[in-house]
Amino acid sequence: MRIVGTLQTRMRGGSWSFGSLYEVMAKANAPKSGDRLAGICAQSAQERIAARLVLSEIPVSRFLEEPAIPADRDEVTRTIQSGIEPFAWAEVRGWRVGELRERILSADGSTLLRWGRGLPSEAIAAVAKLMSNLDLVSAAAKIPVEVRCRTRLGGAGILSSRLQPNHPTDDPAGILASVREGLSYACGDAVVGINPAEDSAEAVRRTADGVSEYVHDALGVPTQVCVLAHATTQMEVLRKGGRLDLVFQSLAGTEDACRSFGISGQLLSEARACQKELRPELDQVMYFETGQGSELSAGAHHGIDQLTLESRCYGLARAHDPFLVNTVVGFIGPEYLADGREVARAGLEDHFMGKLHGLPMGADVCYTNHADMDQNDLESLAVLLAAAGCTFFMGVPLGDDVMLNYQTTSFHDLATLRETLGRRTAPEFEAWMERKGILRDGRLTEAAGDPTAFPAPRGRSS
Amino acid sequence: MNAFVRETVREPRDLTRARIQVGRAGTRPTTAELLRFQEDHACARDAVSTDVATDLPARLGCALESRTLARDRTEYLRDPGTGRRLREGEAARLLAAIPPDPQVLVAVGDGLSAAAVEAQVPVLLPALLDRLRREGFESIAGPVFVHLARVGMLDALGEVLRPEVGILLVGERPGLATALSLSAYLGFRPGPGRTDADRNVVSNIHEGGTQPLQAAAMVARWAASMRRQATSGVGFRPEAG
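These protein sequence lines map, in sequence, to chains F and Z.
Anchor point for the first sequence: position 447 equals 447 in this note's numbering, and the numbering is continuous, going up by one each time.
Count along the second sequence from 1, then add 1000; that gives the number in this note's numbering.
Because the hints were derived from the structure by calculation, they are not lab data.
Careful, some of the hints might be misleading.
[What the hints assert, rightly or not] Looking from chain F toward chain Z, a few residues come up when the C-beta cut is under 7 Å (computed): (1) P86; (2) L398; (3) V402; (4) G449.
[Claimed, not checked] If you want the ones that stay clear, here's a sample from chain Z, every Cβ over 10 Å from chain F, calculated: (5) G1026; (6) R1093; (7) P1099; (8) Q1103; (9) P1174; (10) D1198; (11) M1218.
None of the values given here were measured: they were computed from a predicted structure.
Here a beta-carbon is modelled for each residue, glycine too, at the ideal position from N, C-alpha and C.
Given the sequences, and given the hints that come with them, work out the whole structure.
In structure tokens form, the structure reads like this:
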């Protein structure tokens, strides 16, 4: 029997009580090395389930009254709270978290989008903690999120990709060699997005203009171009006339962690306004990356578990109406997500939470070589996320990023996932690829995989 | 395939180390590429999970072998903080073996790649000690070997031995391209409260990057410059050699 309204429960193995709502939240989490490192995880398997029993009885309304960090001390909290839509809030506020889970699993996608607009990020984190992996897959798969920048993205049956042609010295010819290769596998419908080795306006502009000249001017690919420098650097590039379709920024779930990233809500608003003014024809112009553990890594987690803080990233993201959001699950290292099992759980949680926030949620399914994970773990999670309707994955030559030194999904993986699960690339991109003879009925043709199908970039080699 | 096609096909692979122009089997990689990838990953994994050979510290002429709070490699990977602090009793052992307040302290840590330490340090270290003497360092402490050490170990050693300049050679996190890359971290008056911003690094020391002998000369020159400038990190300006 559970005593409603207090943080206690009785189970077969004895009775349990908890000191605070966020102790319950942390202990209810699936095991993650980051929560162990922070010293906030459940001390036993039974304590973890006791925390979930308690959590299942908490009313949704409590998460607005009791955010992870008080509103007067944290800008992210204020952003989340001001983003709650009153009509949707009125619908969801009276439910308990356990009931919310069942309603989510029973409702259709448009209902979930509506409820999501009324849910504080902490409540979305809470319900994710009560959901099994297949719960997370099936709920997320129902939520349709569609966005438009230069091209349309998202929607049922579409699996897109970010072509990620990184090069250790930003060599333009080296980057374009990978772009050409990726296009020959029909990758890049979400964005051609480069992580620059050098975060200066000159270097970023050289890459942005060079890739735009090839992708937009020479080939006319229906996609967007982005260089993932700091937002302040990208604004400088835009103001000087550099060619970027999206403004990228990494986000964190607390004001202090955002400050350690050199960002604030105001900066994100400025970045968006800057691009919207230059390119009024585009609907969504922002691209965000997140990932569990970054707040702890910055020493700015306030004793809150990494899943709850990740959800708060999505609350921050939705205030800035992004075209793309993805979790970089597995990049941060084994001290936050120890192995393939923890990375898989985190990837499914992040994707579900992002979608319930109404975001065009993708995933960088990845790992570093000091984590207990391999290519098979990566491929398994990619199948699960594709089944969950993940908006996009990364596309890197054979999954080996030679600039960031980690492994992610490959051009081959994208084509395999599309063909195995019956997914298509975004419609405008697919039509273009059909004209170029790379795709037929959504599948690779004989000509695919050969970059000479596209003209060589003009000699811009350094 | 004719010469023209071969030329246009071959060229892009010279532009990047990325795995392009690899062909496909259906939508999957070819067997050769699949196994090449697995070989590279296996090298990286073994580099992370293996300890240095037990006789390596002696072969390197290390004055002392020390240990961090990390009890084993699993703990070391999951709780990086344990690799930045000395185990209880180690400070006294260090002080018993090494006179404090040297001009420079040289330490070696396995870091995330024992294979990198095995490959680069036997060449780099004797050259570094020689170069340091030629740069005018008279009291050189060490070399000390620290098992399961992170970069922050430089500050833990600095707190105990109080060198003017501290140098830590440490294995880098392996990539698929190489598992044998080493870094040399340098700090002026390393100790508690120092951060990454207070250190300088010569990274990418391996056959395909900075050569170990070249790195030894650069590290010794930087150490001498740090001592003259009495600073390291973001305010440090390396002087031409």
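So, going through the hints one by one against the coordinates:
no.	hint	result
1	P86	violated (44 Å)
2	L398	holds (4 Å)
3	V402	holds (5 Å)
4	G449	holds (5 Å)
5	G1026	violated (8 Å)
6	R1093	holds (28 Å)
7	P1099	holds (36 Å)
8	Q1103	holds (33 Å)
9	P1174	violated (5 Å)
10	D1198	holds (17 Å)
11	M1218	holds (19 Å)
In this structure, the hints that do not hold are numbers 1, 5 and 9, in rising order.
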